[in-house]
Amino acid sequence: MNRIDAAFARLKESRKKAFVPYIVAGVPGSDETVEIVLELERLGADVIELGYPFSDPMADGVVNQAAANRALELGVDADAYFAMVAKIRERSQIPILVFSYLNPIFKLGFDAFARRAKAAGMDGMLLVDMPVEESLDLQAICKREDLSLIFLAAPTTTPERLEKVLQGGTGFLYYISRTGITGEQASFQQDFAAKVAAIKKASKLPVVVGFGISTPDHVRTVCGLVDGVVVGSALVRRTLEKKPFADMLADIKALVAPLAAPTKETWN
Amino acid sequence: MDPGQFPDKWGRFGQFGGKYAPEVLMPALEELETHYLALRENPAFAAELDLHLKEFVGRPSPLYFAERMTKKCGGAKIYLKREDLNHTGAHKINNSLGQVLIARHMGKKRIIAETGAGQHGVATASAAAKFDMECVIYMGRVDMERQAPNVQRMHLLGATVVPVESGSRTLKDAINEAIRDWVTNIGETHYVFGSALGPHPYPRIVRDFQKIIGEETERQMLEKEKRLPDYLVACVGGGSNAIGMFYNFLDKPSVKMIGVEAGGHGVLTGLHAARFAGGTLGVLHGAKSYVLQTKDGQIAETHSISAGLDYANVGPEHAMYRDLGRIQYTSATDEEALDAFGQLSRLEGIIPALESSHAVAEALRLAPTLSPDKLLVVNLSGRGDKDMATVIAAMEEVKKTAASKGAAAPGMPRP
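These protein sequence lines map, in sequence, to chains A and B.
Under the numbering used here, the first residue of the first sequence carries the number 12, and numbering increases by one thereafter.
Under the numbering used here, the first residue of the second sequence carries the number 7, and numbering increases by one thereafter.
Since the hints were made in silico from the structure, they are not lab data.
As the structure is a computational prediction, the values presented were derived from the model and not from experiment.
Hints may contain errors.
With a straight-line Cα cutoff of 27 angstroms, these simulated DSSO-like cross-link-like pairs (lysine-lysine) come out [unchecked claim]:
| no. | chain 1 | residue 1 | chain 2 | residue 2 |
| --- | --- | --- | --- | --- |
| 1 | B | K301 | A | K206 |
| 2 | A | K175 | B | K15 |
| 3 | A | K118 | B | K230 |
| 4 | A | K118 | B | K115 |
Cβ-to-Cβ under 8 angstroms is the rule here; a few derived chain A residues that face chain B [as the list claims (entries may be wrong)]:
| no. | residue |
| --- | --- |
| 5 | S25 |
| 6 | M69 |
| 7 | Q76 |
| 8 | P115 |
| 9 | L119 |
| 10 | A123 |
| 11 | M141 |
| 12 | T169 |
| 13 | R172 |
| 14 | G191 |
| 15 | D202 |
| 16 | A204 |
The beta-carbon is built from N, C-alpha and C at its ideal position, and this holds for glycine as well.
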């Protein structure tokens, strides 16, 4: 059982929900990323999605695009990325997964990348443009390394596809709250609750919901339906601002504390 | 080997191709494939497409004997397949029309597309106008500047042209932005992918709508010369005009085929879009193929004077036939393409698109090495009206260089 599975088992036991923040590795800097992860853990994060930058993030909105560009300008490559993870591991046992696109991982080699991820102390990966049917090799490799391989489900996912996604995936299922790219939104799509409830019913894996979660009300709605929430763009936006790092950490705290709070309540 | 067996049901051409798309799109790709396979078997759809290809596009396009170019080269007999004479000025309309018809049958109300040179954007905007559908075209800011006449044409045709400011602001970035639109508006929208690229089933659909080029060429050549051509030459960006010309001849071993990539400033400079010269196996925009990328798998910036060839990935079907040795690939530099642009204009009174000029450049190199009994066909995929600003700027550049060297630049159009 890796750290992701253990975290969800513990949360289930204590009837709490998972708070899963997403940040892009290396933004605003490598040392700062380590500090941000540790701060997020203190603020109640249960799993960290650590973005590995790709030059052409075609499912991301402007905020995450800008963060990926920034990370690439700062020279974030596999060496820099795994060095950050190793530094976090010296000080924390929070579950961390790679969040990226297929090509950078494919280019380095699934096998080599998975071994390095494991050695650095990572627990799983999610590749946005890697659908379950193309992932047989990667499934075998992740199984061998005891890395969770997380897939997305979307409002467009049919029941037949959902079954395939649930068969191929481990760790948790990441449900996208809406058809669209990453970014903050004011409210959920109309049929959101019904769709999420159906996914939750069908899933043997814990279900977390992401894309557009940016207010405590969003978090509360999601916690009533599934096992956790992802907060991405709202947080990434704070890491892109040009200001002293202490102020940035304060901004992150001001954003995250109220968002994480509902996940720490006792849910049925 | 039967070329019809590719792609397989997973969308693979050997190890290339596939369907690497975000989950939101996967059901839409499945739906598109289902509709497409059904429509292919539907005689009413075939009749509808044929009618519009004839009366809207103006097919068949002529196979033209380039007499003065042949004489100048002093070798193989050169024919031009005149896709430049199609309505909207390039081969792109064959695919745009077909896909807009599919979209109509699927009940979609809104059409989106990416465009590089603007030819696919104009073709798609025309087809969308004809069938009264909303049309949004994504185009990199750099390409909007270098292909300004096509931007104006799209506006006239009622399309919205969205400038793309991200990345290198060229074709790759326009595709990213079109994908972002599609994942957001998936319900009512069909994405008319413009080249033999992208996730399955696009490479197959685009090829199927473009293969008419090679089918007509065979028929026309048999009429004119009573035999098959010996060489086919076409430029390769994503590769839709090339696969459209080549596909019909893949199982005819006597026919040699050459795809011409954009050599930019020269493949040794790194400033080019020659995927087969500098690319490695990768996945970009849904398809596994040869990709220009860094050792870390970040997509490299490409360079070509022609916006339509300025792209880091190449169609997966081309990648397979390249590895099998069935199709040869070479490249032509910006300079060679400009020279060919000028030569064809003066020799034949035909102004080719800068993309097609790369194929003309290869024909100018190859024909003199062949004996006069050989037949060579260049796919003249588009016309060059859109390229005036780029060519005039390049002429000024050459004039300046020539003046400083005290010599005239050979082959350039006279100012």
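These are the hints, each one checked on the structure:
no., hint, result
1, K301/B / K206/A, "41 angstroms, violated"
2, K175/A / K15/B, "17 angstroms, holds"
3, K118/A / K230/B, "49 angstroms, violated"
4, K118/A / K115/B, "38 angstroms, violated"
5, S25, "30 angstroms, violated"
6, M69, "4 angstroms, holds"
7, Q76, "6 angstroms, holds"
8, P115, "4 angstroms, holds"
9, L119, "6 angstroms, holds"
10, A123, "12 angstroms, violated"
11, M141, "6 angstroms, holds"
12, T169, "6 angstroms, holds"
13, R172, "6 angstroms, holds"
14, G191, "4 angstroms, holds"
15, D202, "12 angstroms, violated"
16, A204, "19 angstroms, violated"
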